[in-house]
Amino acid sequence: MLKFESVSRIYDDGTKAIDNVSLHIKAGEFCVLLGPSGAGKSTLMNMVNAVVEPSSGNIKLGDLVLNKRNKSTIQRRIGMIHQQLHLVPRLSVLHNVLSGLLPNVGLFRSLIKSFSFQDQRRACQLLDEVGMEEKHLLRRASDLSGGQQQRVAIARAFIPNPEVVLADEPVASLDPAMSRSVLQSLKTAAQQHGATVICTLHQLDYALEFADRIIALRKGEIFFDGHPSKLDETTQNELYALTQPQPVKLEQVAA
Amino acid sequence: MNSESKHWQDWELHRTVTPKNIIIIFIVFILLSFSAHNTELDKAAIETSKAVLSIVGVGESQVLDGALRFVSKAFPLQISDRTPVNRLDKFDRNNLPLFSYIESGEEKEYDALTDTWSYETTEFLVQPVGYLKKVIIKMWETVEMGFWGTVICIIISLPLGILASQNYSPHRFVYSFARTWLSFHRSLPELIVALILVLMYGFGPIAGVLALAIHTSGVLGKFFADEIENAPPGPQLALSSTGASAFKVLRYAVFPHVYPACIAYVQYIFERNIRTATVLGIVGAGGIGMELKGRWDVFDYDHVATILLAIFLTVILLEVVSQKLRKKAL
Numbered sequence: 001m002l003k004f005e006s007v008s009r010i011y012d013d014g015t016k017a018i019d020n021v022s023l024h025i026k027a028g029e030f031c032v033l034l035g036p037s038g039a040g041k042s043t044l045m046n047m048v049n050a051v052v053e054p055s056s057g058n059i060k061l062g063d064l065v066l067n068k069r070n071k072s073t074i075q076r077r078i079g080m081i082h083q084q085l086h087l088v089p090r091l092s093v094l095h096n097v098l099s100g101l102l103p104n105v106g107l108f109r110s111l112i113k114s115f116s117f118q119d120q121r122r123a124c125q126l127l128d129e130v131g132m133e134e135k136h137l138l139r140r141a142s143d144l145s146g147g148q149q150q151r152v153a154i155a156r157a158f159i160p161n162p163e164v165v166l167a168d169e170p171v172a173s174l175d176p177a178m179s180r181s182v183l184q185s186l187k188t189a190a191q192q193h194g195a196t197v198i199c200t201l202h203q204l205d206y207a208l209e210f211a212d213r214i215i216a217l218r219k220g221e222i223f224f225d226g227h228p229s230k231l232d233e234t235t236q237n238e239l240y241a242l243t244q245p246q247p248v249k250l251e252q253v254a255a
Numbered sequence: 256m257n258s259e260s261k262h263w264q265d266w267e268l269h270r271t272v273t274p275k276n277i278i279i280i281f282i283v284f285i286l287l288s289f290s291a292h293n294t295e296l297d298k299a300a301i302e303t304s305k306a307v308l309s310i311v312g313v314g315e316s317q318v319l320d321g322a323l324r325f326v327s328k329a330f331p332l333q334i335s336d337r338t339p340v341n342r343l344d345k346f347d348r349n350n351l352p353l354f355s356y357i358e359s360g361e362e363k364e365y366d367a368l369t370d371t372w373s374y375e376t377t378e379f380l381v382q383p384v385g386y387l388k389k390v391i392i393k394m395w396e397t398v399e400m401g402f403w404g405t406v407i408c409i410i411i412s413l414p415l416g417i418l419a420s421q422n423y424s425p426h427r428f429v430y431s432f433a434r435t436w437l438s439f440h441r442s443l444p445e446l447i448v449a450l451i452l453v454l455m456y457g458f459g460p461i462a463g464v465l466a467l468a469i470h471t472s473g474v475l476g477k478f479f480a481d482e483i484e485n486a487p488p489g490p491q492l493a494l495s496s497t498g499a500s501a502f503k504v505l506r507y508a509v510f511p512h513v514y515p516a517c518i519a520y521v522q523y524i525f526e527r528n529i530r531t532a533t534v535l536g537i538v539g540a541g542g543i544g545m546e547l548k549g550r551w552d553v554f555d556y557d558h559v560a561t562i563l564l565a566i567f568l569t570v571i572l573l574e575v576v577s578q579k580l581r582k583k584a585l
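Line by line, the protein sequences give chains L and X.
Letter 155 of the first sequence, counting from 1, is numbered 155 in the working numbering, and no numbers are missing.
Positions in the second sequence are counted from 1; adding 255 to them yields the working numbering.
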């Protein structure tokens, strides 16, 4: 469904962010992108969202080739969960979720914040699915805890019925228990709506627990691609070494 | 530690008092003293000390005389209205307005041909709170002028503000044009605009309302534009990456963020407009200023004092009310 055909991306300063990557992601897969900072994870995500164009090669969503011309068509079919969430702090939870539907709402209706009951019911259903309660519905997004904000962001990404949902480090700032429950919500929501999820993570443990498929990147190249169970001991250790922060040696500080 | 670098005891330290700084302060002081002389600050100091001396009984003071001339006539405040009966049309002796009565007295009349004052005994219709009523009506008109000035100001400055914000302007030229237009509006002082508008629309509040709207839309539009430019980019990116149009992003990601600051600006503009509206009448643009100017010119300082008190109370009342309203709006 989502096809990368020998895609490369070279930035203007000559850095090769993505180097000849070919992938075929099937519908409904929960893919986790792993890799150290600067491995090209974000570039890959931005290319799917048509913010960045590949320097060579094609990305196809179904039969549609992604490029700047059909950017808006593509963006309507793709949901995005950003690393810093980017909820609107002073808007209510309900309207934050509904803001995912803006491209489909008429100009005047959007101006006076009048969304149809059908849309509002759908937002409620999604919020319920990710584990939010009715009492939070009209609270401001800024009054919520980090985990709750994350759930709202998930609901916002799913409301336009996307085929693909991109999640950029969705649990970067949460504690382990909350991270698990947020990832579980994300996975359940994806299964309910039959959406493909591409999610970047730093923690291998979560990837092993939730992913249908792990794609590990190193310096713009894929060095592991497959189901978590296919991960052998050496690759797993290598991945640990790549994703965990390296302890800084004391002599380096003193020097 | 690097062997080439200086030992820490030889590092250059920070000094505040240096010959250079002393010379700069000296030059600034000389320039400021010239400027102070130009604006007669020295005279102000001398006259004020003379006034203080004359209070304790040493010498005379022009400042104190001026103040006394006003204060001695200003109190008690004039709240009643006294009109000669023969100047009233439709005067009905048997059906007087509420609380009013007829009083006989002398009227001073000036004969320009012989340059003499003559006295005539006539009857006066006295309304005990007539003047107060008139001042309150005029003051209300002034508040209304400020209100409509603010409304028109918002209507002008909202679209201009959006066009003058770098990230939502449709084109670079539109951006520069809107910015220039806003600066132009800002650079037009209300009193001068009001003078011209009085020529165009005639005496009355309309000239005042438009003058207020024109000047303050320049101020408010710039505030709006700067607020929109400084809104956090994250939520805007999140919404625009779903494919939402710029207008919708503006409505959902920018507007909720700038709303509190804009309410504060609008509140400030509203208060400022009412304060300015009180003086706009001096050039004939409606409101209480017209009454103030008329009374001042004929030395009716007791009437002037009533007007000043009304302005003072209105401004205080307004501040209290607008603070409460603002808390509700947020």
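Hints are computed from structural coordinates only; laboratory data are not their basis.
Don't be surprised by glycine CBs; every beta carbon is placed ideally from N, CA and C.
Please note: incorrect hints may appear among the correct ones.
Unchecked claim - Straight-line distance between alpha carbons at most 25 Å, and here's what the computed DSS-like set of lysine-lysine pairs gives:
1. L/Lys135 <-> X/Lys328
2. L/Lys135 <-> L/Lys3
3. X/Lys261 <-> X/Lys328
4. L/Lys68 <-> X/Lys503
5. X/Lys503 <-> L/Lys113
6. L/Lys113 <-> X/Lys583
Said to hold, decoys possible - Restraint ranges, calculated between C-beta atoms of paired labels, are given here:
7. L/Ser173 <-> X/Pro515: 23 to 31 Å
8. X/Asn276 <-> L/Asp13: 52 to 60 Å
9. L/Ala27 <-> X/Ala584: 26 to 34 Å
10. L/Asp12 <-> X/His269: 35 to 43 Å
11. L/Ser173 <-> X/His269: 51 to 59 Å
12. L/Asn58 <-> X/Asp481: 36 to 44 Å
13. X/Pro414 <-> L/Arg109: 51 to 59 Å
14. X/Ile277 <-> L/Asp12: 25 to 33 Å
15. X/Ser500 <-> L/Asp12: 56 to 64 Å
16. L/Gly14 <-> X/Asp481: 54 to 62 Å
To be verified - Listed below are several chain X residues computed to face chain L (Cβ distance under 8 Å; list not exhaustive):
17. Phe379
18. Gln382
19. Gly457
20. Pro490
21. Ser496
22. Ala501
23. Phe502
24. Lys503
25. Ala508
26. Pro511
27. Ala516
28. Cys517
29. Ala519
So, going through the hints one by one against the coordinates:
1. L/Lys135 <-> X/Lys328: violated (66 Å)
2. L/Lys135 <-> L/Lys3: Given that 25 Å is the threshold and the Cα spacing comes to 42 Å, the pair is violated.
3. X/Lys261 <-> X/Lys328: violated (78 Å)
4. L/Lys68 <-> X/Lys503: Roughly 21 Å between the alpha carbons, so the hint for L/Lys68 and X/Lys503 holds.
5. X/Lys503 <-> L/Lys113: Holds, at about 10 Å.
6. L/Lys113 <-> X/Lys583: holds (20 Å)
7. L/Ser173 <-> X/Pro515: 23 to 31 Å: holds (26 Å)
8. X/Asn276 <-> L/Asp13: 52 to 60 Å: violated (44 Å)
9. L/Ala27 <-> X/Ala584: 26 to 34 Å: violated (48 Å)
10. L/Asp12 <-> X/His269: 35 to 43 Å: For X/His269 against L/Asp12, whose Cβ atoms are near 42 Å apart, the range 35 to 43 Å holds.
11. L/Ser173 <-> X/His269: 51 to 59 Å: violated (40 Å)
12. L/Asn58 <-> X/Asp481: 36 to 44 Å: holds (43 Å)
13. X/Pro414 <-> L/Arg109: 51 to 59 Å: violated (20 Å)
14. X/Ile277 <-> L/Asp12: 25 to 33 Å: Since the Cβ atoms of X/Ile277 and L/Asp12 sit about 52 Å apart, the hinted range of 25 to 33 Å is violated.
15. X/Ser500 <-> L/Asp12: 56 to 64 Å: Because 29 Å falls outside the window, the suggested range is violated.
16. L/Gly14 <-> X/Asp481: 54 to 62 Å: violated (37 Å)
17. Phe379: violated (59 Å)
18. Gln382: violated (50 Å)
19. Gly457: With a minimum Cβ separation of about 38 Å from chain L (threshold 8 Å), the hint on X/Gly457 is violated.
20. Pro490: holds (5 Å)
21. Ser496: holds (5 Å)
22. Ala501: violated (11 Å)
23. Phe502: It holds, given that the least Cβ distance between X/Phe502 and chain L is near 7 Å, below 8 Å.
24. Lys503: Check passed: Cβ of X/Lys503 comes within 5 Å of chain L, closer than 8 Å.
25. Ala508: holds (5 Å)
26. Pro511: This interface hint holds because 4 Å falls under the 8 Å limit.
27. Ala516: For X/Ala516, the interface hint is violated, since the closest Cβ of chain L sits about 11 Å away, which is over 8 Å.
28. Cys517: Since chain L brings no Cβ nearer than about 12 Å to X/Cys517, farther than 8 Å, the hint is violated.
29. Ala519: violated (14 Å)
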